[in-house]
Amino acid sequence: MTNAIPEVKLAEEHVGKWGMVINQDICTGCQACVAACAMENNITFVGEEDSGYGRSMHWIRIERFWEGEYPEVKMTPNQPMLCQQCGSAPCEPVCPAFATVHSTAESLNLQVYNRCVGTRYCANNCPYQVRSFNWRDYERPEPLPNQFNPDVTVRRRGVMEKCTFCIQRIHKAQDEAKSEGREVMDGEFTTACAQACPATAITFGRTDDPQSLVSQLAHKGHGVKHLEELGTLPSVTYFKGG
Amino acid sequence: MIKKLFDWLKQPLGLIAVGIVFLAVFSAAAYGLWTTQQAPEQPVPGFPHKTHVAFGIQCLYCHPGASKGPAAGLPSQAKCWACHNQIVKTRDSALLAPLKDAVLSGQSLEWVPVAIVPDFVQFNHRAHIAAGKNCEDCHGDVSQMGIYENPQVMNMGWCLNCHIETAGDDQEKLIKLADCGTCHY
Numbered sequence: 001m002t003n004a005i006p007e008v009k010l011a012e013e014h015v016g017k018w019g020m021v022i023n024q025d026i027c028t029g030c031q032a033c034v035a036a037c038a039m040e041n042n043i044t045f046v047g048e049e050d051s052g053y054g055r056s057m058h059w060i061r062i063e064r065f066w067e068g069e070y071p072e073v074k075m076t077p078n079q080p081m082l083c084q085q086c087g088s089a090p091c092e093p094v095c096p097a098f099a100t101v102h103s104t105a106e107s108l109n110l111q112v113y114n115r116c117v118g119t120r121y122c123a124n125n126c127p128y129q130v131r132s133f134n135w136r137d138y139e140r141p142e143p144l145p146n147q148f149n150p151d152v153t154v155r156r157r158g159v160m161e162k163c164t165f166c167i168q169r170i171h172k173a174q175d176e177a178k179s180e181g182r183e184v185m186d187g188e189f190t191t192a193c194a195q196a197c198p199a200t201a202i203t204f205g206r207t208d209d210p211q212s213l214v215s216q217l218a219h220k221g222h223g224v225k226h227l228e229e230l231g232t233l234p235s236v237t238y239f240k241g242g
Numbered sequence: 001m002i003k004k005l006f007d008w009l010k011q012p013l014g015l016i017a018v019g020i021v022f023l024a025v026f027s028a029a030a031y032g033l034w035t036t037q038q039a040p041e042q043p044v045p046g047f048p049h050k051t052h053v054a055f056g057i058q059c060l061y062c063h064p065g066a067s068k069g070p071a072a073g074l075p076s077q078a079k080c081w082a083c084h085n086q087i088v089k090t091r092d093s094a095l096l097a098p099l100k101d102a103v104l105s106g107q108s109l110e111w112v113p114v115a116i117v118p119d120f121v122q123f124n125h126r127a128h129i130a131a132g133k134n135c136e137d138c139h140g141d142v143s144q145m146g147i148y149e150n151p152q153v154m155n156m157g158w159c160l161n162c163h164i165e166t167a168g169d170d171q172e173k174l175i176k177l178a179d180c181g182t183c184h185y
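Protein chains in written order, with the numbering used here: chain A, 1 to 242; chain B, 1 to 185.
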């Protein structure tokens with residue numbers, strides 16, 4: 001089977017379904033999103049030693065950069081970095097097990113844990129470096145297993161994982177809406193990181209609905225999509241210096 | 001040494017020995033497979049589903065979560081005892097001693113779920129009931145069962161066959177129902 005080369009699109013023209021807007025000007029770098037994400041998605045605590053080997057596991061991280069030479073360094077705004085849920089994702093075509101696939105229904109990049117055989121090709125091909133690999137079955141001492149989120153798989157050693165845009169919350173909201181015979185409303189639910197953000201720097205919602213808060217923010221004019229020149233069609237828009 | 005062994009195995013006695021070893025290994029494997037297909041032991045031995053169904057009790061009376069959320073739920077001893085306490089025959093029955101003990105001691109009855117999916121599968125009963133599926137479509141004819149047994153192997157092929165059949169020619173429905181992210185996240 002030959003896959004046709006996808007038509008080159010501008011990142012701004014890419015609509016997708018779910019999207020996020022991150023305002024770097026009001027992000028204080030407090031790491032609340034990082035903690036909330038780890039709680040929501042059953043992410044393991046790697047510990048000091050493996051972290052030192054660069055095996056720390058986060059689905060969202062706060063990136064900091066410095067400008068200038070040592071005495072006159074200037075810190076750039078904090079940059080929360082998570083899976084950009086690319087419309088044309090570099091991680092997908094390299095997976096030999098089809099474990100990272102594109103969800104046509106939700107326009108998300110999925111990671112199917114039971115298919116993953118741990119080749120780590122996807123992480124090597126991700127320009128955003130947002131995938132994390134379970135190098136071990138890390139210990140979770142009691143009573144930590146009591147706070148597992150039952151809606152999210154607990155991953156085991158040897159599988160890759162990454163941000164899912166809290167797909168369990170998407171499904172829950174859709175299920176609730178369907179049981180009440182309506183559509184999911186804008187702002188009815190949000191991702192764990194956006195919910196935890198005390199500065200409301202993260203906004204989540206439907207990008208294909210022009211009335212939603214997230215698409216209105218995304219079209220304000222000075223948004224940036226990271227590494228869009230690679231043609232990845234990311235779903236996350238960043239603002240700074242606004 | 002090894003040649004000697006092969007020569008011995010080619011004798012009638014040796015062939016019989018090989019046959020016995022083969023049969024032993026094969027029957028051990030078959031027994032192992034058979035044990036995985038048995039209904040597990042439940043806290044109330046020999047719990048008769050068929051008796052309860054015969055009295056006209058609806059599935060949703062004891063498993064009410066099925067119409068509301070992901071898990072159908074297994075009844076607590078309070079729910080069992082609410083009925084059984086009022087029937088003289090069952091109140092003092094030796095068969096129901098585990099239930100009575102649980103009620104008196106306040107320990108919960110630990111039912112063993114039989115119809116289970118692996119933890120990398122996110123299953124939601126509500127969506128299936130809302131889509132017009134009946135309990136017996138997946139769980140078989142419980143009115144003929146004692147302790148519940150799965151009527152078929154509950155694997156992904158079985159799920160997906162029904163999903164694709166349900167979607168029919170509706171492309172939008174098929175995209176949703178055959179999407180990996182519908183069940184795996």
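No wet-lab data here; the hints were simulated from the structure. One or more hints might be untrue.
Stated by the list, open to error - Computed spacing ranges between beta-carbons, pair by pair:
id, chain 1, residue 1, chain 2, residue 2, range
1, A, Glu-142, B, Ala-17, 36 to 42 Å
2, A, Asn-149, B, Cys-83, 34 to 40 Å
3, A, Asn-125, B, Ala-130, 56 to 62 Å
4, A, Val-73, B, Asn-155, 56 to 62 Å
5, B, Ile-116, A, Arg-120, 54 to 60 Å
6, A, Asn-125, B, Leu-160, 24 to 30 Å
7, A, Arg-156, B, Tyr-31, 26 to 32 Å
8, A, Thr-76, B, Phe-123, 41 to 47 Å
9, B, Ser-105, A, Arg-64, 54 to 60 Å
Where a beta carbon is used, it is the ideal one built from N, C-alpha and C, also for glycine.
Of all the hints numbered above, which does this structure not satisfy? Sort the numbers upward.
Hint check: 1, 3 and 5 fail, others pass.
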